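Chemist: Based on the provided sequences and hints, a complete structural model is requested.
Counting in the working numbering, the sequence shown runs from 1 upward without gaps.
Misleading hints may appear alongside valid ones.
Claimed, not checked - Keeping only pairs whose Cα atoms sit at most 25 Å apart, straight-line, the calculated DMTMM-like set for lysine to aspartate or glutamate is:
hint, residue 1, residue 2
1, Lys79, Glu227
2, Lys132, Asp177
3, Lys45, Glu306
4, Lys154, Glu125
5, Lys45, Glu164
6, Lys117, Asp105
7, Lys152, Asp105
8, Lys152, Asp69
9, Lys100, Asp69
What the hints assert, rightly or not - Now the in silico label distances, taken between C-beta atoms and shown as ranges:
hint, residue 1, residue 2, range
10, Lys154, Leu116, 34 to 44 Å
11, Arg10, Val221, 27 to 37 Å
12, Arg24, Gly315, 15 to 25 Å
13, Lys263, Arg95, 16 to 26 Å
14, Asp111, Glu203, 38 to 48 Å
15, Arg10, Lys154, 21 to 31 Å
Keep in mind the hints are simulated off the structure, nothing from the lab. As the structure is a prediction and not an experimental result, all values here were calculated from the model. C-beta: ideal position from N, C-alpha, C; glycine also.
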Amino acid sequence: MKPERDQNNRESYKTNWWVFGEPRRDLRPALEGLPRYIATIETSKHRTFQFLEAEIVPDNKLIVIANGDGAHLAILSSKPHLAWTSHVGGLLEDRPVYVKTTCFDPFPFPDPPEPLKAKLRALGEELDATRKRVQAEHSDLTLTGLYNVLEKVKAGATLSAAEEDVKTRGLVLVLKDLHNQIDAATAEAYGWPADLSDEQILERLVALNTEPAREEAQGFVRWLRPEYQIPRFAKTAPAPRTGDLDFAEAEEPLTAALPAFPKDRYEQPLAIEAALAAHGQPLDAAALARLFKGKTSEARQKRIAEVLTTLAKYGRVVALDGGRFAARRAA
Numbered sequence: 001m002k003p004e005r006d007q008n009n010r011e012s013y014k015t016n017w018w019v020f021g022e023p024r025r026d027l028r029p030a031l032e033g034l035p036r037y038i039a040t041i042e043t044s045k046h047r048t049f050q051f052l053e054a055e056i057v058p059d060n061k062l063i064v065i066a067n068g069d070g071a072h073l074a075i076l077s078s079k080p081h082l083a084w085t086s087h088v089g090g091l092l093e094d095r096p097v098y099v100k101t102t103c104f105d106p107f108p109f110p111d112p113p114e115p116l117k118a119k120l121r122a123l124g125e126e127l128d129a130t131r132k133r134v135q136a137e138h139s140d141l142t143l144t145g146l147y148n149v150l151e152k153v154k155a156g157a158t159l160s161a162a163e164e165d166v167k168t169r170g171l172v173l174v175l176k177d178l179h180n181q182i183d184a185a186t187a188e189a190y191g192w193p194a195d196l197s198d199e200q201i202l203e204r205l206v207a208l209n210t211e212p213a214r215e216e217a218q219g220f221v222r223w224l225r226p227e228y229q230i231p232r233f234a235k236t237a238p239a240p241r242t243g244d245l246d247f248a249e250a251e252e253p254l255t256a257a258l259p260a261f262p263k264d265r266y267e268q269p270l271a272i273e274a275a276l277a278a279h280g281q282p283l284d285a286a287a288l289a290r291l292f293k294g295k296t297s298e299a300r301q302k303r304i305a306e307v308l309t310t311l312a313k314y315g316r317v318v319a320l321d322g323g324r325f326a327a328r329r330a331a
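Modeler: Take a look at the structure:
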């Protein structure tokens, strides 16, 4: 181990070569005091979320959401969130990749009234418990296997004898019904019809995506874990009341709510594509650079222009006249 770690560019890995990794300074405080948390596998054929007990230490292949609320597990498992992640997430060969900065951070969660939130919470708990019970009773059943059969059932495809067995023992029809109920309840939480297509859902989510920035500029933040987030991340100044807001100057503070431009070159294309889709209008590299925090340096503009050219080459965005680019559905 030591000879390998001696070649590592990360100083802490060299110095503490016998330690598996290093403390995650943001993750560990967020998980402290939680009896469980939500996790999803970073790269997976089917996007599923489940509760893990606090005693389980997540490895680097898991995306962790420091939240133990069944309502949030239900929303993350719903059609709106899955449609969003399939559009803004990455791909490894043919498998979707869940990227926190594009799939979770900008996702506009609904803010339903408490009775509907309680309904979502119950559905999330039942979904998680049903899958865990099935796997506890049948050690050969995996989530991938269950959802392979579930997708074929949804498509009305003919099942083999082995798949029929998975369908029966794995309570696949129960899982299908739970997902249908979660989709309907989540649509209700947004105030949407339950039969929207993925394209219609994405259009509405993109529109909603701009609202949190405007609300936060006006002093209103929709915290997912207020008891944890407010003491750590809320501004010290009290939020202004509606009557105190100066809407004529409300656009200026929006820059504080802009996302950071990723340092990771592999995350930059996803962030650029998401920003372009969220804006909804064709933009050039300079205008896109202003959609991220910090100074719009020439180096950043050049990098964004390079990424846009590559995205256009692979059909992820559309190149237009005048050096402008558009998201596929906004072209």
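Chemist: Against this structure, judge whether each hint is valid.
Modeler: Structure-based check of all given hints:
1. Taking the CA atoms of Lys79 and Glu227, the gap is about 28 Å. The hint is violated against a cut of 25 Å.
2. Of the supplied pair hints, the one linking Lys132 and Asp177 holds, its CA atoms being roughly 16 Å apart against a limit of 25 Å.
3. Between the alpha carbons of Lys45 and Glu306 the distance comes to roughly 30 Å, so the proposed pair goes past 25 Å and is violated.
4. Between Lys154 and Glu125, the direct Cα distance comes to roughly 22 Å. Compliance with the 25 Å bound is thereby established for this hinted pair.
5. Distance hint between Lys45 and Glu164 is fulfilled; the C-alpha atoms sit about 21 Å from each other, no more than 25 Å.
6. Straight-line distance between C-alpha atoms of Lys117 and Asp105 comes to about 21 Å, which keeps the hinted pair within the 25 Å bound.
7. For the given pair, Lys152 sits about 31 Å from Asp105 by alpha-carbon distance, which is inconsistent with the 25 Å threshold.
8. Proximity of Lys152 to Asp69 is assessed by CA-CA distance (about 30 Å); at most 25 Å being required, the pair is judged violated.
9. Proposed proximity of Lys100 and Asp69 is supported: the alpha carbons are some 19 Å apart, at most 25 Å.
10. Taking 34 to 44 Å as the suggested C-beta distance range, the pair Lys154 and Leu116 does not conform, at roughly 25 Å.
11. Range check, Arg10 to Val221: about 34 Å between beta-carbon atoms, so the 27 to 37 Å window is met.
12. For Arg24 and Gly315, the Cβ-Cβ distance of about 36 Å falls outside the hinted range of 15 to 25 Å, so the restraint is violated.
13. One distance hint, 16 to 26 Å for the beta-carbon pair Lys263 and Arg95, holds here, with the actual separation near 24 Å.
14. Hint check: Asp111 to Glu203, Cβ distance near 20 Å, so the stated range 38 to 48 Å is violated.
15. About 44 Å separates the C-beta atoms of Arg10 and Lys154, a value inconsistent with the hinted range of 21 to 31 Å.
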